[in-house]
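Novice: Each chain is listed here by its residues.
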Amino acid sequence: MSAKKKINAKSIAKQKRNGRKLLAFIRVVRYGAESFMRNSWLSVAATIVMTITLLIISVSFAMQNILTDTINELHNKVEMSIYLKTETTDEIGLELSTELNQLSSVKSVTFINAAQAKTKFAKDNSDNFDALNALKEATNRNPATLRIVVKDIDDISQLQKFVSDDELLKKHINPNFEPSFAGIRRDTIKTIGRAVNFAQNAGIIAGTIFVIISSLIIFNTIRMAIYNRKEEIQMMKLIGADRLFIRGPFLIEAMIYGFVAAFMATGLGLWILYSLAKTLLSYQFIAQPTINLATNYPVFVLMGMIAVGFLIGIVSSLLATRRYLKM
Amino acid sequence: MILLDRVTKTYSKDSSSALNRVSLFIEPREFVILVGTSGAGKSTLFKLLTREEKPTSGKIVVGGIDYDNLKDNNIPMLRRKIGVVFQDFKLLPQRTVFENVAFALEIAGMTNREIKSTVPKVIELVGLRGKEKKFPHQLSGGERQRVAIARAVVRQPKILIADEPTGNLDPRHSWDIIRLLEKINKYGTTVLLTTHNADIVNKLKRRVITLEHGKISGDQAQGSYRQ
Numbered sequence: 001m002s003a004k005k006k007i008n009a010k011s012i013a014k015q016k017r018n019g020r021k022l023l024a025f026i027r028v029v030r031y032g033a034e035s036f037m038r039n040s041w042l043s044v045a046a047t048i049v050m051t052i053t054l055l056i057i058s059v060s061f062a063m064q065n066i067l068t069d070t071i072n073e074l075h076n077k078v079e080m081s082i083y084l085k086t087e088t089t090d091e092i093g094l095e096l097s098t099e100l101n102q103l104s105s106v107k108s109v110t111f112i113n114a115a116q117a118k119t120k121f122a123k124d125n126s127d128n129f130d131a132l133n134a135l136k137e138a139t140n141r142n143p144a145t146l147r148i149v150v151k152d153i154d155d156i157s158q159l160q161k162f163v164s165d166d167e168l169l170k171k172h173i174n175p176n177f178e179p180s181f182a183g184i185r186r187d188t189i190k191t192i193g194r195a196v197n198f199a200q201n202a203g204i205i206a207g208t209i210f211v212i213i214s215s216l217i218i219f220n221t222i223r224m225a226i227y228n229r230k231e232e233i234q235m236m237k238l239i240g241a242d243r244l245f246i247r248g249p250f251l252i253e254a255m256i257y258g259f260v261a262a263f264m265a266t267g268l269g270l271w272i273l274y275s276l277a278k279t280l281l282s283y284q285f286i287a288q289p290t291i292n293l294a295t296n297y298p299v300f301v302l303m304g305m306i307a308v309g310f311l312i313g314i315v316s317s318l319l320a321t322r323r324y325l326k327m
Numbered sequence: 328m329i330l331l332d333r334v335t336k337t338y339s340k341d342s343s344s345a346l347n348r349v350s351l352f353i354e355p356r357e358f359v360i361l362v363g364t365s366g367a368g369k370s371t372l373f374k375l376l377t378r379e380e381k382p383t384s385g386k387i388v389v390g391g392i393d394y395d396n397l398k399d400n401n402i403p404m405l406r407r408k409i410g411v412v413f414q415d416f417k418l419l420p421q422r423t424v425f426e427n428v429a430f431a432l433e434i435a436g437m438t439n440r441e442i443k444s445t446v447p448k449v450i451e452l453v454g455l456r457g458k459e460k461k462f463p464h465q466l467s468g469g470e471r472q473r474v475a476i477a478r479a480v481v482r483q484p485k486i487l488i489a490d491e492p493t494g495n496l497d498p499r500h501s502w503d504i505i506r507l508l509e510k511i512n513k514y515g516t517t518v519l520l521t522t523h524n525a526d527i528v529n530k531l532k533r534r535v536i537t538l539e540h541g542k543i544s545g546d547q548a549q550g551s552y553r554q
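Chains V and W are the protein sequences, given in the same order. So for the first sequence, this note's numbering puts the first residue at 1; every next one is plus one. So for the second sequence, this note's numbering puts the first residue at 328; every next one is plus one.
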């Protein structure tokens, strides 16, 4: 009987403890929300800074995405060509394509036979009357071509080795046309490769610097906001507030900055992206996939922004309140 | 109730002691006035009692709690047993009179129902009925000090520390506050008051402890203000 009573007492005590914890949590949330509303100027200033921070982060992310898509597209456009004799059959072309596809450095291979090459030439020069006439009179001397997209345009050694060593290719290679990765063309391709790498690295570094600077700004804004209220914190400590009651409302307040700022930054970010889309496209930037991503999944974008806003707010206020927690 | 045994507090190695081997004992329900010039050690003594500072040496026991055994996470619990009132009120500026007083109960985990029944009684006690919804900036100095006292006593602490509570008030409001402290003392709370106001000290005829250069230079049962 007494054991049963003890168990009941324990469970009641536990329920009471949990009830008190819940009550304390609700009060902390209420204090944070009230403080956000009542310190209106400070809240507006901090929310604007947070919005700018999130905007910089999202724009950096979008630009990095656009740059990566553009670079990938550029990579795909940089084709290397191996010219074969005019009479090379489709079977031989396909066999060579299969061999090339097995190389780890090769992304894709397309075989164009001499007839297809002639058709393409005619199409490309449809407004050049002399060229079309010459094409009609002459027998087809266009070389068959293997068009190769490599994974890394800076690394073509494997391809070069294939050209110099493969017996089948040696039999069918056109002696009048050198492969396009040799000589001056190779240097051009290498220059494109270096420019592409530079642009990508510069984008990552610039994005990282922007994110760090903007995070420092919001951290300092929150720190200043908390510093302004250090006497209030001191008083709270003296009347017996524990760490939860001192730190909690500031955390909630900073999370509210992040929440409101996420909505504003998402709206502004999408507007900027739409506004810049035409300009970016005119400069051959591939912006459409990024715009599609933002348009198709706006809720995920918003949730991502809220998560980042919460994270920055929580980390900033945790660091800023740390010095005031010494009892 | 309050015991200090040879308590010394030195802030840095180069400076002289703010308190130097101070020993005193204050009985429950006593009304004690602490006097002394600026820098005599009154504020340091209060900071030691509220555990804002730790003594360099010596023992402090308040309400049966030995500060030597007090862990950091128990300090809030200790402070909930001591009411504090300051010269500059230290109210929460963005909260109303009711909310300022209720805050002391909310952090102690009291339910909303308990708060709603307790706070009006204390506001009535300090004579601020009808001003519950006012913010601190809408009140006079005397009224603000009443709010601070209400907040300090709402948890019915055993000890009330009032550090120059009349320092910013005119004589009429000063006496209102002193009468309020006497009323609270009558209900059973030990009151420890510091003041520079000789008139208050002389008319109250209570125990007066005088501090000079960090040492107790006088302790009279019904003392008066000595320059």
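A portion of the hints provided could be inaccurate.
[Unchecked claim] Partial pick of chain W residues on the chain V-facing surface, computed with a CB cut under 7 Å:
id	residue
1	Glu380
2	Gly390
3	Pro403
4	Arg406
5	Arg407
6	Val411
7	Gln414
8	Lys417
9	Gln421
10	Ile434
11	Pro463
Worth flagging that the hints you see were computed from the coordinates, not collected in a lab. Glycine included, every Cβ here is placed at the ideal spot set by N, Cα and C.
Novice: Does each hint fit the structure? Answer for all of them.
Specialist: Hints, one by one, checked against the model:
1. Glu380: 11 Å, violated
2. Gly390: 14 Å, violated
3. Pro403: 4 Å, holds
4. Arg406: 4 Å, holds
5. Arg407: This interface hint holds because 4 Å falls under the 7 Å limit.
6. Val411: Since chain V brings a Cβ to about 5 Å from valine 411 of chain W, closer than 7 Å, the hint holds.
7. Gln414: 13 Å, violated
8. Lys417: 4 Å, holds
9. Gln421: At 4 Å from the nearest chain V Cβ, glutamine 421 of chain W passes the 7 Å test, so the hint holds.
10. Ile434: 5 Å, holds
11. Pro463: Interface hint status for proline 463 of chain W: violated (12 Å vs cutoff 7 Å).
Of the numbered hints given earlier, the model fails hints 1, 2, 7, 11; all others are met.
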